[in-house]
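Engineer: Build out the structure end to end from the sequences listed, making use of the hints.
There are 2 protein chains.
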Amino acid sequence: MKKVLIFGSTGSIGENALRLLRKQSKTFEVLGLCANRNVSALYRQVKEFRPKYVCVGDEKKAGELYKRIGKKAVIFSGPAGLREFSSIKSDISLMAISGICCLEPLLINIKHTSRIALANKESVVTAGNMVFKEAFKHNTEILPVDSEINALFQILGHGKAANESTADIRSVYLTASGGALAGYRRNQLDKVSVGKVLAHPNWRMGKRITIDSATLINKGFEVAETRYFFNLEYEQIKVVIHKESLVHALVEYEDGSTQACLYPPDMKIPISFALFYPERFKSSEFSVFKKEISCNFRPLKTNEYPLFDVVIEAAKKEDNALVVLNACDEVVIDNFLEKKIKFLDMEKIIKSIMRNCPRSRVKTFKDVLYWDNWSRLKTKERLDRL
Amino acid sequence: MKKVLIFGSTGSIGENALRLLRKQSKTFEVLGLCANRNVSALYRQVKEFRPKYVCVGDEKKAGELYKRIGKKAVIFSGPAGLREFSSIKSDISLMAISGICCLEPLLINIKHTSRIALANKESVVTAGNMVFKEAFKHNTEILPVDSEINALFQILGHGKAANESTADIRSVYLTASGGALAGYRRNQLDKVSVGKVLAHPNWRMGKRITIDSATLINKGFEVAETRYFFNLEYEQIKVVIHKESLVHALVEYEDGSTQACLYPPDMKIPISFALFYPERFKSSEFSVFKKEISCNFRPLKTNEYPLFDVVIEAAKKEDNALVVLNACDEVVIDNFLEKKIKFLDMEKIIKSIMRNCPRSRVKTFKDVLYWDNWSRLKTKERLDRL
Numbered sequence: 003m004k005k006v007l008i009f010g011s012t013g014s015i016g017e018n019a020l021r022l023l024r025k026q027s028k029t030f031e032v033l034g035l036c037a038n039r040n041v042s043a044l045y046r047q048v049k050e051f052r053p054k055y056v057c058v059g060d061e062k063k064a065g066e067l068y069k070r071i072g073k074k075a076v077i078f079s080g081p082a083g084l085r086e087f088s089s090i091k092s093d094i095s096l097m098a099i100s101g102i103c104c105l106e107p108l109l110i111n112i113k114h115t116s117r118i119a120l121a122n123k124e125s126v127v128t129a130g131n132m133v134f135k136e137a138f139k140h141n142t143e144i145l146p147v148d149s150e151i152n153a154l155f156q157i158l159g160h161g162k163a164a165n166e167s168t169a170d171i172r173s174v175y176l177t178a179s180g181g182a183l184a185g186y187r188r189n190q191l192d193k194v195s196v197g198k199v200l201a202h203p204n205w206r207m208g209k210r211i212t213i214d215s216a217t218l219i220n221k222g223f224e225v226a227e228t229r230y231f232f233n234l235e236y237e238q239i240k241v242v243i244h245k246e247s248l249v250h251a252l253v254e255y256e257d258g259s260t261q262a263c264l265y266p267p268d269m270k271i272p273i274s275f276a277l278f279y280p281e282r283f284k285s286s287e288f289s290v291f292k293k294e295i296s297c298n299f300r301p302l303k304t305n306e307y308p309l310f311d312v313v314i315e316a317a318k319k320e321d322n323a324l325v326v327l328n329a330c331d332e333v334v335i336d337n338f339l340e341k342k343i344k345f346l347d348m349e350k351i352i353k354s355i356m357r358n359c360p361r362s363r364v365k366t367f368k369d370v371l372y373w374d375n376w377s378r379l380k381t382k383e384r385l386d387r388l
Numbered sequence: 003m004k005k006v007l008i009f010g011s012t013g014s015i016g017e018n019a020l021r022l023l024r025k026q027s028k029t030f031e032v033l034g035l036c037a038n039r040n041v042s043a044l045y046r047q048v049k050e051f052r053p054k055y056v057c058v059g060d061e062k063k064a065g066e067l068y069k070r071i072g073k074k075a076v077i078f079s080g081p082a083g084l085r086e087f088s089s090i091k092s093d094i095s096l097m098a099i100s101g102i103c104c105l106e107p108l109l110i111n112i113k114h115t116s117r118i119a120l121a122n123k124e125s126v127v128t129a130g131n132m133v134f135k136e137a138f139k140h141n142t143e144i145l146p147v148d149s150e151i152n153a154l155f156q157i158l159g160h161g162k163a164a165n166e167s168t169a170d171i172r173s174v175y176l177t178a179s180g181g182a183l184a185g186y187r188r189n190q191l192d193k194v195s196v197g198k199v200l201a202h203p204n205w206r207m208g209k210r211i212t213i214d215s216a217t218l219i220n221k222g223f224e225v226a227e228t229r230y231f232f233n234l235e236y237e238q239i240k241v242v243i244h245k246e247s248l249v250h251a252l253v254e255y256e257d258g259s260t261q262a263c264l265y266p267p268d269m270k271i272p273i274s275f276a277l278f279y280p281e282r283f284k285s286s287e288f289s290v291f292k293k294e295i296s297c298n299f300r301p302l303k304t305n306e307y308p309l310f311d312v313v314i315e316a317a318k319k320e321d322n323a324l325v326v327l328n329a330c331d332e333v334v335i336d337n338f339l340e341k342k343i344k345f346l347d348m349e350k351i352i353k354s355i356m357r358n359c360p361r362s363r364v365k366t367f368k369d370v371l372y373w374d375n376w377s378r379l380k381t382k383e384r385l386d387r388l
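Chains as they are written, first to last, in this note's numbering: chain A, 3 to 388; chain B, 3 to 388.
The set of hints was computed from the structure by calculation and includes no laboratory data.
Take the hints with a grain of salt, since some may be wrong.
If several chains are the same, the list does not tell them apart, and a pair holds so long as it fits within one copy or across any two.
The calculated DMTMM-like cross-link candidates involving lysine to aspartate or glutamate, where the alpha carbons are at most 25 Å apart (straight line), are [to be verified]:
1. K292 <-> D311
2. K5 <-> E340
3. K292 <-> E246
4. K293 <-> E246
5. K240 <-> D268
6. K284 <-> E237
Structural biologist: As structure tokens, this is what we get:
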């Protein structure tokens, strides 16, 4: 019986994971569930899965849950509670908390689990070296849930992920649909509504990642993830526009042979892969060949998505730049979602913050927090001047 | 230094292999070259690669070669000479003799080499069980050169090829361009010229395989090859029409994840894979992403290529049927190439031979020879009655 902790159980990744585990009670035990504030969803999950441990990020909301479940589970709450919850021993932990808040529980939990199924992108983008060093030290395997990185893992397997020779790999290609605004001209982008940006053609995801898909910041982050997961050089990691979102990544070897991993755009597939690996979840729900299919690919052009280029430039510095960019991006997206700024303002502000960002090495969790805070502060100042 | 024997060195596979080995004299020694009757090409190869052993299938032609190279190499000739040549100890043997004549040297050579790079299709189609049993017995690895099977091997690796569990594989898909006559209507097929059939849109190959590509007999044979190479059930092996010939095969797992192997349609890639494995031949010549690409796939329909269905029906019997079909096909193709019969006559005759073929198990090389002869005889009788 594999004991599973789910961090971020009420989000879309968490809910999908529970949908998969529902019929697997003979092989998986849901040991703990953790959510930030959606107590009614959490209550429903607790009733169904009867975990021993529950964690509520928002302290005020914890009381509400306690009233409903009493002592049927140990309830942790607030930042200290989350740290305690992260120290529970498990076989697999699904890390699906969104944003930088995932980094601390991840760094703690790496010491107490055998496998991290990692859905959070920000932790690798901001602290990739730290995360993989800890994982190596504690012999914890990290399996990527993010579909592109998961696709690469399916092709390359643990071998490459565990720092084996990547000498025979010429390039890897991450695919990008181009997001909801593919084909928009610059002058159209300026006036684009929040609703339009949130209407991703192929994937149903959280709001931030959907907006990051429209600016291609998300793809830039995935390039950085790829570097850390597979120990590749930035020059080897390329992006191709593939509007159908069927192929998620490709690996091109030195002889010109190329392997692609494709599946219908549904997160249940990479989630199940990370949970069941090396087995496969048997499901007839998905097949790419249910109908005729067409897959088109073209190289991404320089300056086609200016913020993608900004991310890559920051990533190559391998210092505090991605921490700053990530935090700034989160703040401007919040402001865009609240309709306080326009779509292209996000780009303007991110570029301005990155221009004025002092360079500094990031070695510890505290360093990450420092530059994350610095960036949020500077971005808010910059927003006030708009 | 790896010692290499090349069976069929003057054919297109053999020539391509030598092109690859030309610059690899530090790691590969061309130990022996074998051709059927193209002595002038063989002489050129001998002069360049200076093999210790040479074999000429056609005894009369052997004298010609002897006059030109004298005692610079040991020359074998005729069927007995080929058997002797096949007993030479090597590290890798490329089996690129075309047709059923490859089976005997293959069965002999399996005992004397560490690796067979197998380009010949007929030997697996007619005697798959025998070939893989011998390979297992002598611990000889067989690497497929045929592009679709090679693509599957690139995805599945030795694990599956060596009879490991295939439980997590839902289906494999072989791609078919549809051949030179894709889109032709039945009444157009009746009058089609030899030239048209030989004009394959994507691949430059020998005449027989090009015609087998137009009828899709070739794809049926590959389905049988796939069964023997990867120990899959016929129900798991599917064919999709993919006119671009970039993707050669795909593997769909139980969770719906699918892996594809793609490369430009040039046999140098699968040949180099089979020779250099597990290393990769470093060449910037090939890349699928040199330009925008489009890949389209649609399932093959029943009766779309009637001869494909005939091959599958024969293959599923797992008896003498594929031996008979293979020989009959070779004879009718010769007759079509000589313009003695029309395109659709091939189908008519193959169907008639298969209808009247008595069932018999094939256990030994002699059994294969018997049914091969039987089929050639019956096909010639049938042709005479046309």
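Engineer: Let me make sure I understand: some of the numbered hints might not hold for this structure. Which ones are they, in numerical order?
Structural biologist: Of the numbered hints given earlier, the structure breaks just one, which is hint 2.
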